[in-house]
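Asker: Listed here are the chains, written in short residue letters.
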Amino acid sequence: MSTNTVRRPELRWMLDDVLLPEVRSAVVLARDGLVITATGEISEADADRFAACLASLRGSSAAATEFCGDSSEAQPAWNQTLIEFDTGYIFLIAAGPHAYMGVSTTKRVDMGPATQRFHAVVQKLGTELGTLPRSGDSDRS
Amino acid sequence: MGSEPSGEVYLPDTVRTAVKVLVVGPFAVGKSTFVNTLSEIEPLHTEETMTRDGAVVDDLHGITDKTTTTVALDFGRRTLSDRVVLYMFGTPGQQRFLSMWEDLAHGALGALVLADVARLEDSFDVISVLEDRGLPYGVAINDFNTVEIPPHEELREAFDLLPEIPLVTCDARDRSATARAMVSLVEHVLASPLQHARESA
Numbered sequence: 108m109s110t111n112t113v114r115r116p117e118l119r120w121m122l123d124d125v126l127l128p129e130v131r132s133a134v135v136l137a138r139d140g141l142v143i144t145a146t147g148e149i150s151e152a153d154a155d156r157f158a159a160c161l162a163s164l165r166g167s168s169a170a171a172t173e174f175c176g177d178s179s180e181a182q183p184a185w186n187q188t189l190i191e192f193d194t195g196y197i198f199l200i201a202a203g204p205h206a207y208m209g210v211s212t213t214k215r216v217d218m219g220p221a222t223q224r225f226h227a228v229v230q231k232l233g234t235e236l237g238t239l240p241r242s243g244d245s246d247r248s
Numbered sequence: 057m058g059s060e061p062s063g064e065v066y067l068p069d070t071v072r073t074a075v076k077v078l079v080v081g082p083f084a085v086g087k088s089t090f091v092n093t094l095s096e097i098e099p100l101h102t103e104e105t106m107t108r109d110g111a112v113v114d115d116l117h118g119i120t121d122k123t124t125t126t127v128a129l130d131f132g133r134r135t136l137s138d139r140v141v142l143y144m145f146g147t148p149g150q151q152r153f154l155s156m157w158e159d160l161a162h163g164a165l166g167a168l169v170l171a172d173v174a175r176l177e178d179s180f181d182v183i184s185v186l187e188d189r190g191l192p193y194g195v196a197i198n199d200f201n202t203v204e205i206p207p208h209e210e211l212r213e214a215f216d217l218l219p220e221i222p223l224v225t226c227d228a229r230d231r232s233a234t235a236r237a238m239v240s241l242v243e244h245v246l247a248s249p250l251q252h253a254r255e256s257a
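Chains as they are written, first to last, in my numbering: chain A, 108 to 248; chain B, 57 to 257.
Because the hints were derived from the structure by calculation, they are not lab data. We put the CB at the ideal spot given by N, CA and C, even for glycine. Please note that the accuracy of each hint is not assured.
A few chain A residues facing chain B, derived, Cβ under 8 Å [unchecked claim]: (1) R138; (2) G140; (3) R156; (4) C160; (5) G219.
Which stretches of chain A does chain B cover? Using the computed rule of at least three CB atoms under 8 Å from a CB of chain B, they are [to be verified]: (6) 141-155; (7) 161-171.
Take the sequences, apply the hints, and build the full model.
Answerer: Take a look at the structure:
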């Protein structure tokens, strides 16, 4: 595992809690689209690609808030995005300040308990990620 | 082209600096090609087939063989040295996608602006967005080998570039040329005083 300035592999044990039956993989990413930690059936290169894709998805989702609110109210906050495929689901959930968790599951996942578990994990991650340094700040001379 | 040894696919076990950069520029300038060429991992693309309806809005300026366009992002990774790993985020060129920039630009240390000599003015918009954000940038002229590239002094004048801003010419299909373009940007970013100001902010 590399130790660049964004990755925090020590958080992986926390993320491992999402690995219920029918969960393929999960990635925690910073708002800038770089991987914080990843788990499950995914290579390092694919975790990088998944994270970039999720960051873009989150950007598009946030841009869509404009179309989901009362014009008199403040902009609604984005909480999660769910994508359904023939072959499964991808969940993208806010996990603390400027961090997100993406989870890939098969179609057979038990939605109720799974989403409950995912939200419990982002709660814990959110507390831990409150201390996340801004990416790229700490190791450049 | 292609004579350069291919980069390592797995990151070795040393301390790394992740450098996030944007690859920006107008519609159909070659951003996806650039990321494709330079990435050491299989790049991520979000391309959609262009529709007939879009022809009114997205002017192809005689580029006839383009059938798809990026709608969300291109992503690629490239290890530049033992210490620097580049994460490239290519953004859609059309004005209507600018609202998605907020997230994609987050944490980026710099941007490489691709430009086409046949329509330099199409890159002006994106440059002013970068200047407004205070994001360091470099300009790379994509050399399609079809028209003659004017002297750099003329190009600098057209873009109104400060002397320290790098300007390079490169063929987006050439691996070492794209690497040189990125290196010029990274060197500029690392030398940029703005960067230090933003970090301490």
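Asker: Hint by hint, note whether the structure agrees.
Answerer: Evaluation of the provided hints:
no., hint, verdict
1, R138, "holds, 5 Å"
2, G140, "holds, 6 Å"
3, R156, "holds, 5 Å"
4, C160, "holds, 6 Å"
5, G219, "violated, 30 Å"
6, 141-155, "holds (count 4)"
7, 161-171, "holds (count 8)"
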